[in-house]
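Peer 1: One letter stands for each residue in the lines below.
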Amino acid sequence: MNLTLYVWRQKGPKDMGKLEQYEAPNVSPDQSFLEMLDDVNEVLIKTGKDPIAFDHDCREGICGMCSQVINGRPHGGQDRTTVCQLHMRSFKDGDSIYIEPWKAKAFPIVRDLVVDRAAMDTIMNSGGYTSCHTGGVPDANSVMIGKPEADYAMDAAECIGCGACIAGCPNSSAMLFTSNKVAQLAALPQGRIEAKARVKAMTETLKECGFGNCTNHYECQSSCPKGIDVKFIAKLNREYIKSLLP
Amino acid sequence: MQFIQSTVGRKILMAVTGAILISFICVHLLGNSSVFLGADGINAYAKHLHDLGPLVWLFRLVMLSVFGIHIIFGILLTLENRAATPGNYAVKKMARANFASETMIVSGLLLLAFVVYHILHFTAHVTNPEISASHLPLDALNRPDVYTMVVLSFQKFVISLIYVAAMVFLFLHVSHGFQSFIQTLGFNNGPSLSPVEKVSKGVALVLLFGYISIPILIIAGIVKI
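Just so you know, the protein sequences line up as chains A and B, in that order.
Going letter by letter, the first sequence gives residues 1 to 246 in this note's numbering.
Going letter by letter, the second sequence gives residues 247 to 471 in this note's numbering.
Just so you know, the hints here were simulated from the structure itself, not pulled from any lab data.
Don't take each hint at face value.
[Unchecked claim] Straight-line C-alpha distance at most 16 Å; calculated EDC-like pairs for lysine to aspartate or glutamate:
{"#": "1", "chain 1": "B", "residue 1": "K338", "chain 2": "B", "residue 2": "E326"}
{"#": "2", "chain 1": "A", "residue 1": "K103", "chain 2": "A", "residue 2": "D116"}
{"#": "3", "chain 1": "A", "residue 1": "K18", "chain 2": "A", "residue 2": "D50"}
{"#": "4", "chain 1": "A", "residue 1": "K226", "chain 2": "A", "residue 2": "D116"}
{"#": "5", "chain 1": "A", "residue 1": "K49", "chain 2": "A", "residue 2": "E20"}
{"#": "6", "chain 1": "A", "residue 1": "K207", "chain 2": "B", "residue 2": "D286"}
{"#": "7", "chain 1": "B", "residue 1": "K339", "chain 2": "A", "residue 2": "E20"}
{"#": "8", "chain 1": "A", "residue 1": "K105", "chain 2": "B", "residue 2": "E326"}
{"#": "9", "chain 1": "A", "residue 1": "K226", "chain 2": "A", "residue 2": "E20"}
Work out the full structure: start from the sequences and follow the hints.
Peer 2: Following this line, the structure appears as structure tokens:
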């Protein structure tokens, strides 16, 4: 199939940036979206032009590096699918595809489709951990955790930190991302000890990093390639309320 | 201080004040529906409220503070959110956000304008003073004739239109606001969200039909002097 691409090109953080048109001829329906972009880039390189810069790593849908807003939806809008796992069979011959980077004030554009997502690390560093003693391996089952709690924590921990929730949010809020870690750790005995300080620190850092406020659009859940539920944001809210109590 | 600076703290403030405002408009609707009992119903209700004296003013003061907090933080949060989002996407499709959730600030500010008008109209008697209860003769039991004021007001098409339009904005605002309050206070375990969203639309619809029934039945001539 033959496709027309409109790709966001921006030389650097200070550059204005604009959409540029490219042709993608002879695309195989079995190719992944990134393989299709690789082909476009090869032609660009051969003709002496700048290839389109985009983030990618594992190409297995688990690392959270790929980050493109395709036709107005983060990761292309296919249910529980990252860009790298999006295949060209979901497009038709003659389609026009708009490809843009994550857009949020807290995610400065590095180049083209590559954005700096260090702000998410800043949030994580402010409380997304548990403090524990190092040393000998603890005895197995010395800390008992029920199956429902373990499952709940795992569901929250499914976040791959790609930032699609922020790219999809009309307010550029990082609340779902932050709530995943708050909820995961609050559900486990190891995490409960620092739960109060964690929720306060992480939500404060979220704001300091320049992310917006959550106004319950739930756009994050539908943008998430792991389908993470906004119930974790409700959990974060409960944890915040608990942190105010003595 | 930390609480009102916090992004979650502000959200909780919006939720709690919003919930108080929704409770108020529910009670207000119940009170208003005494108009369907005729002059005797609503005039007695109005007199009863007035006779509470200082309690009325205490109530007004509390409601004014609640309303003020809701408005100030609503505007602040909107400004912060605008600042957090750089230029728009060339193409953006929303999957879950809807017209009501994306226009909360617009429906909110229009409701603020409406509340100012509504108070000038029915409480302060500044707009249309000629048909206000303070100018109309007292009723048979020497009570201010609120019933006649309401009926004469809503017989004017433009006034009815303003009230009906405002209630459409109230519907939009509450349909997002009610479920938003449930989520913000943490009452969402995942499966509960979808029914809560339906209940939210239901509450907003009941308020819409409840409130607009008054001007519509008056315009239709079913409720008359």
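Peer 1: Hint by hint, say whether it matches the structure.
Peer 2: Hint check:
For a cut-off of 16 Å, the pair hint linking B:K338 to B:E326 is broken: about 21 Å separates their Cα positions. With a C-alpha separation of about 11 Å, the suggested pair A:K103 and A:D116 falls inside the 16 Å cut-off, and the hint holds. A C-alpha spacing of about 15 Å is found between A:K18 and A:D50, which places the hinted pair at or below 16 Å, so the restraint holds. Distance check on the hinted pair: A:K226 and A:D116 sit about 21 Å apart at the alpha-carbon level, beyond 16 Å; violated.
A threshold of 16 Å between alpha carbons decides the hint, and for A:K49 with A:E20 the separation of about 13 Å falls inside it, so the pair holds. Among the hinted pairs, A:K207 with B:D286 is inconsistent with the structure: their alpha-carbon atoms are about 55 Å apart, more than 16 Å. For the suggested pair B:K339 and A:E20, the alpha carbons sit about 20 Å apart, so the restraint of at most 16 Å is broken. Of the supplied pair hints, the one linking A:K105 and B:E326 holds, its CA atoms being roughly 11 Å apart against a limit of 16 Å.
For the given pair, A:K226 sits about 30 Å from A:E20 by alpha-carbon distance, which is inconsistent with the 16 Å threshold.
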